[in-house]
Structure formats: structure tokens, C-alpha cells
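Peer 1: Sequence:
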Amino acid sequence: MQEQNQNLPPEEAARPNGTPQPQRPSENTENKENTAADAAPVQEKKAKRRKKNRRGRRADNALGTSKGVETMFRNAVRSEMELLALAATKANIMISLNGFIVSALMISGAFVFSSSPEFLIPASTFMVTAAASIVFALLSASPERIGKMRALREWLKDWVFRRAKLSDFKSRVLAKDNRFFGGEPNVLIYEDCVKIPREEHWQKMQDVMADRTQVYEKMSDHLYWLGLLADKQFKYINLSYAVFRWGLLASLAAFVGVKTIPSLTAPQQGNLAELRTMGINVFKGVYEPSAVQQLPDGRIMVAEDEPNHAFSILSIDKNGNFVEDEALDTRIITGFKRKLNDLEAMTRDDEGFMYAMTSHSRNRKGQRSPDREHLMRFKIQNGEVIGLTSYDGLTDVLEKDPALHDLIREKTSAEVVFDEINIEGLAFDPVKKRLALGFRDPEFNNMALIAFIANPKEMMEKNAKPVFDEVAILDIDGGGIRSLNYDPVLKAYIIANEVKGDTGEKSSTLWKWSGNPKDEPQKLNLPNLHHMTNVEAVDSVNINGRQMLLLMGDEGSAEKGMTAKYMLVDYNRLGHNE
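At position 11 of the sequence shown the residue is numbered 11 (full-length UniProt numbering), and the sequence of numbers has no breaks.
Read the hints as simulated data drawn from the structure, not as lab findings. Backbone N, C-alpha and C define an ideal beta-carbon position, used for all residues, glycine too. Hints are supplied without guarantee of correctness; some may be wrong.
Lysine-lysine pairs mimicking DSS-like chemistry, simulated, CA-CA at most 25 angstroms apart [to be verified]:
1) K523 to K512
2) K560 to K284
3) K337 to K433
4) K465 to K432
5) K365 to K411
6) K432 to K518
7) K337 to K465
8) K491 to K339
9) K400 to K462
10) K284 to K232
11) K339 to K560
12) K204 to K218
13) K500 to K523
14) K457 to K433
15) K318 to K339
16) K411 to K432
17) K433 to K462
18) K379 to K339
Here are the in silico distance ranges between beta carbons for each label pair [said to hold, decoys possible]:
19) I107 to M278: 25 to 35 angstroms
20) T334 to L174: 25 to 35 angstroms
21) T277 to T503: 19 to 29 angstroms
22) K157 to Y224: 16 to 26 angstroms
23) Q206 to K165: 33 to 43 angstroms
24) G387 to D502: 30 to 40 angstroms
25) K518 to P488: 55 to 65 angstroms
Kindly produce the complete structure, drawing on both the sequences and the hints.
Peer 2: This is the structure:
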């Protein structure tokens, strides 16, 4: 043991036996400590990287697998594109179908109008709705900026509720931000891509590709945008189909109405065959005849009290039937170059001039109207109005002429007031070359007034003031004059009016009057006259060499599709009531 201690270093030899030797830092220990200190930052970086990787794995778990996400987006986009293609196909179908309908109706419209004017109602209804359906289909098929339309809708809504002004339109709708979906460009949306410069597009594309979350966000926005686009297209397609559907139903209803309503609202027309056995016929395009006169060339001129159909020219075929000509009627009406409202009387003088007169009555508001105060002279040649002259101051003369008022007082001893004027009769006196005016209003002592104008030629050629040389006050059972015509066969005047019967209902009545103010009119007996109402047009006409009395009733209605009736009477059938 001593030998061992002798061999030990002095520090260790001095220690008692069993005492542990204290350790000294060795060179290896120092190297290990230096290595651990250097490895600490590296370990910290590795820990952060592992933490980040765990966070990324959690994010991946939240979004699902990359393949699953890609499959979802792929299927969703494919589905949206198929919907857009379906909407485009439907829009093309509606455009083609309705375009064909509109073209066909526009081409055939003229033929429909000339042959059956009443069918313009269903035809025009179908054409208008088909055109509207095309508009909605075009809106569906045309590209549109979703953001801009949304801004427009929001601005309109605010403008309606007065939260925005017209001046805000430019800033809210046309502003650049409103041109992009979501307020900023999306490189996956083609409408946004074309609105930004190439450099900006590349920069935004890099930003998207560098961030996986942003990639999914942009793809989601793109998918949402496709959904909005599909919704817009199908919304307009639905409107197009709805307009077409309801337009078709409305056209069918109008067609049925045109065919059935006249028969429901006009039962008085009865059976046409039965009426013809009584000598009564029905017009095709004449509705409210108020005067009739045969032209020198043999055709029949009819006046109506509606300005849109003031005159009609009727030809006579070999069977004695009237032939209407809508195109000629339009040319004649246009030839007067003025609005003719409430035409009520016509006659023809010995020089072939036609005289036509409006009622000179006031309108529904009790006011005078220039288009109701015409007395015209003209001729019809080759389908044209020639030699047209007019006297438009008759109302003032009737109200203020002392000579006329004195003539009336001598006959009636009544107060003469022309506040209410309604002239519905006009006849030419072939003996004294003067005009006879038949008044529906005013009446004097419940009797009708006829006033004679001695200078009609000077009135029309020199605008001379009318000279009233005679009046007649006639008792025709209390009804004002509806028609006044000189009959060359009877050598007397034919007067038509409406008289109340025992039941209180009015019925048309014919009177024969010599023209002498001292003579009383005689009532004519015509058995079938009660099948007509409101007879206002009477004339003696030559039908293929046979002289007959023509009567027309103002009982139709253009709005209801009810045409007027007329009767041709043989003079041998006229009888007098004693």
C-alpha cells in the first residue's frame, strides 16, 4: 500500500484511504460543453420547423386531402359550366322560336288586317309577348358584368327610396371598383382578367400561386361567380318562358273572345239568315253609320261618328251586295286632312258636290270643340277627295243670328236658345237650291226644328255668312231629328227619329214630309223596322237599276266587334199610317 501511495502524485498520496478523488475538468468535457452550446440554436430552429409542419398538417387536415379538394372543385366547375351551357341552349331556342313567330306575324299582319281586322287583337298580343320573350332570352345569352349589375340594382333601390341621387350614378355604378367581382380583380375570372394590365395580372398570379390558401380562396370565388352567372341566366330564361307562356294563353283568350264576345254582347243581331229574309243584312266593317249618300258614280258613301273610321266607300256587286274596301276608306279619310269627330249628316247637290256635317254639339265636358264644327263640300273622284271647302262658323251664327231667331219665334212664341246644338239631318232642296238642317237639339215646345239656308254655294265658295230664309217646326211625337233626306222617288223629305212607345222603350220611326212648313209629317209604316235600332242613315239608292230606300242603324260598336245592320226597302212596301 505504501508502495502504491509512493507512486501517486503528492496531492493524492496525502489523501486518507477511501476518500474519493475529486474530478477535474478534462479537455473532452470542455469540448462537449462547447458542442452543446453551439447545437442549441439549431435545435430551436428544428423545433420551430416541426411546429410549423404540425400546423401545416393540421391545415391540410382541415381542408382535406389535396386530391379530394381538387376533385371537388373540378366537379363543381364542370357542373356550373354544364348549367351555363344548358341556359345558353334554352336562350337560343327561345330566340329562334319567337323570332320565327314575330317574323311570320309581321308578314301576315297586313293580310289579317284587310281580311279580318278583329284578329289583330290576338295576333298583336302574341307578337308583342314573343318580342318581349326574345328580349329576356337575349339578356340571358349576352355576357354581363355581375358586379356592375349588382351596383346598378343597389343604386336603383336607393334611388327609389330617395337614399341616392341621379348624380350618384357615375360614382356608384360606373366606378372602377364596381367593375370587379368582390371589389378587386380575380385572375380566375375572365371578365376581371381583361380589365387589368398584363404586368398586374402576372403579379397577382404569382401572389396566388405562392399561397395555397389564396389559391383555394380564388377558386372558391370563381365557383361562386359562376353560380351567380348561372343564376342570372336562368332568371332571365324563366322570365322569357313565363312571358311566352302567358302571351300564348292571352292570345288564345283573345282569339276566343273575338269569336264569342260579339255573339254574347249582341244578341239583337240574331240569326243572320233570318234577318236576310226580312231584307236586313249586316256589315263587315261598318259599325256606327250616321249618314249615307249615293255618289254620282253609283257607289255608296257612309259617314260614321267615330273619327278613326269617319267614311266608308261601298261598291255594289252584280248580286246587289255591298263590297267594302278598307284601303280606299283609309285614303278617303286621309284626304280630308283634318280630324272629323261626330259626323252626323250628308247630302248631295245638283252639281255632284257632297255636303258633310258634324253635329256641332259640345263635348262631354260641355265645351265647344273645333273638330265637331265642320260643314264641308267636296267631290270624290278616282278614290280621291277633290274641291274640298269648309265653313266652320255655323255655331256662332246659330247662337247670334237675329233673323233666324225671329223666324223661330214667329212659329213657336218660345224663347230661342242655342246653348245645346245637335244637328243630325242635312238635305239639299232641289227646287229652291238650298240646304235644310235637321236639329236633334234644341227642340221647341217638344217639336223638331228644320232651318233652311238659302245661300250654300256662296258659303262654300266665298265663305259668306249663311242666310236663313225659312224654318219649319214639326211634330214628330217628341223625338228630335236623327236623319233628314230628300227622296226623289217620293218627291218628299224622309225624316227618321226615335219615339217612345207604350212600354217606354224607344223605337225608330220614319216620317214623310212635303217640305212645306204648313204641312204635318206623315208616319210611314214599315213592319220590319223594329228589328233595327237607332236608324240615322237614310237615302234613296239605285241598286243595279232598281231604286230602293236604304236604311242603316247606328247600333254597332268597334270596341265590342259589333257591326251595324242595314235594310234595303222596296218603295212598294212603304205604307202610310193614317
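Peer 1: Of the numbered hints stated earlier in the document, which are not met by this structure?
Peer 2: 3, 5, 8, 10, 15, 19, 20, 24 and 25
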